[in-house]
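Visitor: One-letter residues, chain by chain:
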Amino acid sequence: MTAPSASAPPRAPAAARRRGLETLRRYSVLLILLGIVLFFALSAPGFLRPSNLLNVGLQTSIIAIVAIGMTFVILTGGIDLSVGSVMALSGALAAGLATRQGLPAAAAIAVALLVGAAVGAANGLMVVRGGIPPFVATLATLSIARGLTLVYTEGKPIAGLPPLFLWLGNGRVLGIPVPLLLMALAGIAAWVVLRQTRFGLHVYATGGNEETARLAGVSPRAVKLAVYVLSGVTAAVGGVLLTGRLASAQPNAATGWELDAIAAPVLGGVSLFGGVGGVGGTVIGALIIGVLSNGLNLMRVSSYYQLIIKGAVFVLAVMLDLATQRRR
Amino acid sequence: MPTDVPLLRMQGISKAFPGVQALQGVDFEVAPGEIHALVGENGAGKSTLMKILTGALRPDSGQIFLRGRPVEIPSPRAAQALGISMIHQELSLIPYLTVGQNIFLGREPRRGRLGLVDWPRLYRQAQALLDRLNVGVDARAEVRDLSIAQQQMVEVAKALALSAEAGQGFGATLIAMDEPTSTLTERETEVLFDLMRSLKAAGVSLIFISHRLEEIFRIADRLTVLRDGCLVGVRSAAEVDANDVVRMMVGRQLSEMYPRTNAARGGAALEARNLHDGRELHGASLTVHSGEIVGVAGLVGAGRTALAETLFGVRRATVGEVLLAGQPLRLRGPGDAIRCGMGFVPEDRKGQGLFLNMAVRENIAISSLRRLSRLGFLRFAAADRLAGEFVRRLAIRTPSLRQRVRNLSGGNQQKVIIARWLALNPKVLILDEPTRGVDVGAKAEIHGLMNQLAAQGVAVLMISSELPEVLGVSDRILVMRAGRIVAEFSRGEATEDAIMRAATGAGGNGGAAP
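Residue numbers (my numbering), protein chains in the order written: chain A, 3 to 330; chain B, -7 to 506.
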């Protein structure tokens, strides 16, 4: 970049301090991840074994995919609490359509993804048309989608899935688990969309200042509708992968996963106020969550305590976000 | 107390931030019972000096004397104990609390063993204070129901209460006011000035910071001019005029504050017929020709911003129509107006005009993305070229195109917004208060830019609350009142008096209603 005009930035000290803080923020996530890895490498037996590391990747990948969709929503300044329920609903639908209705597995999965998109569209319409705060709209959807799942499954797991499901959840290509490949694919695609396309810039503009965006000719309503649809689709993808991994659709699957899906981008520096952050941070955030739960499992920390630890980590991430925001 | 000892003397104040010497050996004095204006371009060091005075910053060197005695002001609380308060541009009252609660916030009078708040006493004291200021504000009113002007009165009352509680009389009280008139109407400004004069008569000293020179000459006894962190001079307001002060502020002679090259007026570019928006507009009609700058004056609440927003499609017109080059438009949103060749520089630069966390390049390019992308993918090289071109053409002072726009000065931020529209080659540009809070140098540049655009055949519609600006810049002046255009003046026949008469509905003979 050239410096087209001479004089120095007018408020250099504040800017420099802010830049410093942001750099710290950017790399602090990576440092935290490395710190946690180091800690478990030293104290959790078998953590560094290749099979376990692969396992971490597997655990992380599904959360990461859902969190990537969530990243778009949070970048516009919104939130999607319904992703856990949407995962369960789409997983159950895909499994049910394939086993009970006898649809080809691929068709069943396609329908499930469409339903995810539809739920996302409903969220988006409530926010954009109805003017309902995203927190409230998606909280309602969280309940509705879970209810639909329970009605559809009659509260019972659906098993006996076709091989495509099992391959998606547990298969490998060149030794790499399929969900991990899909995560990489989703991450790269999301990065390209956010950083290289007009739509991506509109997402940042909408989250950065909705009123300015509107006056500049961007349509924040269209952008928001799109990101909720996207989040619905990534949640559905996550739901199908989870179903494959568990080799059955559980009516209570992914309960509470919205926390992880929100925590991953926030840990990775995506601001809950919108307009700041990127998908790279989200993936690192998801890795932190994955490593943490894997390591704690290896150390035989009860899952009850893990919930408490996860909540505390989330609060710390939000506090860091707030501290950075305040200095802006 | 001998009156020849200044109430406040700041001596040799220096303050450096990494990379910037914000203040360098500045002396500053305020006499008892004086209204002292502090003047300078943005970045001249006014706010740093005030932050040091009010304890928000510590100086690197220099001393502060109050009535001849050296004092330390390590914190805002210490400043308050010395009788020094600051009223900021953004008011700090809590909207859902009452006036009395705000005045005594955190220092509520208590009673009884439980230390419950003594509400009757609180309101009695607050009301007594407000009555003494003669401002006609009810201590039990909620702050959100007050006008900005009334809220400032409450801030003044709070400052006096703090000073009194610190054991300081009115004569030891110093209140610094940062741009208090920037959001006030002409009439509210008058009321504020009356209050300031009566405070002065009661012995209170005031520091008045403003970009509006004519106001400074109306109210201030003396003025201190800062430039680039240095003291330029102290003058009695009676012995200098606006041109002298501008020269002191910018260090050069502005050839003329409002140059206007006459451009050939073309056909009607933008027309509005009988516009209503269901709220503030009640039948506004106007015509702006290509190559013409039309100024819109009027009091706050006259519907000027509503007019601009309706023309640009931000608000829907319930009745009436907008025509561009004679063609009626159907505006469903700003996007439609933009596609038709209109641009809009909104009043609230930070809230509506800028993406503060985004780079200069993105802020300029945001409305031209269709041209700057292929199949939805951005062409960054093209965006760099476009933004670079306008940074040069508009002399936007930024270290790079990647600089976040929040780090630019107000004037340069405004130029970024203007660049956004110029990139689209607009036929019509609407500017709402384009130079509010912008320093004198940048202001002249923006006016020059508007001139240039008009000369190129753009139809320019400018809303401004500053009458000298409206008079100086416009080819034609429209006056709004109660949602309508009530008067029109040509450049030659307009005077401040005539415009104010039309704007207030005071009658008179100015201009014909279209």
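There may be inaccurate statements among the hints.
[Unchecked claim] Listed next, the in silico SDA-like pairs over lysine to any residue satisfying Cα-Cα at most 25 Å (straight line):
#, chain 1, residue 1, chain 2, residue 2
1, B, Lys342, A, Phe275
2, B, Lys192, B, Asp123
3, B, Lys419, A, Glu213
4, B, Lys342, B, Lys192
5, B, Lys342, A, Arg200
6, B, Lys342, A, Lys312
7, B, Lys342, A, Ala325
8, B, Lys342, A, Leu294
9, B, Lys342, A, Gly79
10, A, Lys312, A, Leu294
11, B, Lys342, A, Lys158
12, B, Lys342, A, Pro135
13, B, Lys342, A, Arg223
14, A, Lys158, A, Val175
15, B, Lys342, A, Ala249
16, B, Lys342, A, Phe201
17, B, Lys419, A, Arg216
18, A, Lys158, A, Met301
19, B, Lys342, A, Arg216
20, B, Lys342, A, Met301
21, B, Lys342, A, Leu60
22, B, Lys43, A, Ala124
23, A, Lys312, A, Met301
24, B, Lys43, B, Met2
Think of the hints as simulated: they come from the structure by calculation, not from any bench.
Visitor: Next step is simple, just say for each hint if it's right about the structure.
Guide: Do the hints match the structure? See the list:
1. B:Lys342 <-> A:Phe275: 16 Å, holds
2. B:Lys192 <-> B:Asp123: 17 Å, holds
3. B:Lys419 <-> A:Glu213: Holds, because 23 Å separates the two Cα atoms, which is no more than 25 Å.
4. B:Lys342 <-> B:Lys192: 35 Å, violated
5. B:Lys342 <-> A:Arg200: This hinted pair holds, its Cα atoms lying about 23 Å apart.
6. B:Lys342 <-> A:Lys312: Since the Cα atoms of B:Lys342 and A:Lys312 sit roughly 37 Å apart, the hinted pair is violated (cutoff 25 Å).
7. B:Lys342 <-> A:Ala325: Given that 25 Å is the threshold and the Cα spacing comes to 21 Å, the pair holds.
8. B:Lys342 <-> A:Leu294: 41 Å, violated
9. B:Lys342 <-> A:Gly79: 17 Å, holds
10. A:Lys312 <-> A:Leu294: Cα-Cα ~8 Å, so holds.
11. B:Lys342 <-> A:Lys158: 54 Å, violated
12. B:Lys342 <-> A:Pro135: 23 Å, holds
13. B:Lys342 <-> A:Arg223: 21 Å, holds
14. A:Lys158 <-> A:Val175: The given pair, whose Cα atoms are some 32 Å apart, is violated under the 25 Å limit.
15. B:Lys342 <-> A:Ala249: The given pair, whose Cα atoms are some 53 Å apart, is violated under the 25 Å limit.
16. B:Lys342 <-> A:Phe201: The hint holds at about 23 Å.
17. B:Lys419 <-> A:Arg216: 20 Å, holds
18. A:Lys158 <-> A:Met301: Given pair A:Lys158, A:Met301 is violated - Cα atoms ~32 Å apart, limit 25 Å.
19. B:Lys342 <-> A:Arg216: Holds. B:Lys342 to A:Arg216 sits at ~14 Å (cutoff 25 Å).
20. B:Lys342 <-> A:Met301: Violated, because 51 Å separates the two Cα atoms, which is more than 25 Å.
21. B:Lys342 <-> A:Leu60: 44 Å, violated
22. B:Lys43 <-> A:Ala124: 50 Å, violated
23. A:Lys312 <-> A:Met301: At roughly 15 Å apart (the allowed maximum being 25 Å), A:Met301 and A:Lys312 satisfy the hint.
24. B:Lys43 <-> B:Met2: Between B:Lys43 and B:Met2 the Cα gap is close to 12 Å, so the pair holds against 25 Å.
Hint check: violations occur at hints 4, 6, 8, 11, 14, 15, 18, 20, 21 and 22; the rest are consistent with the structure.
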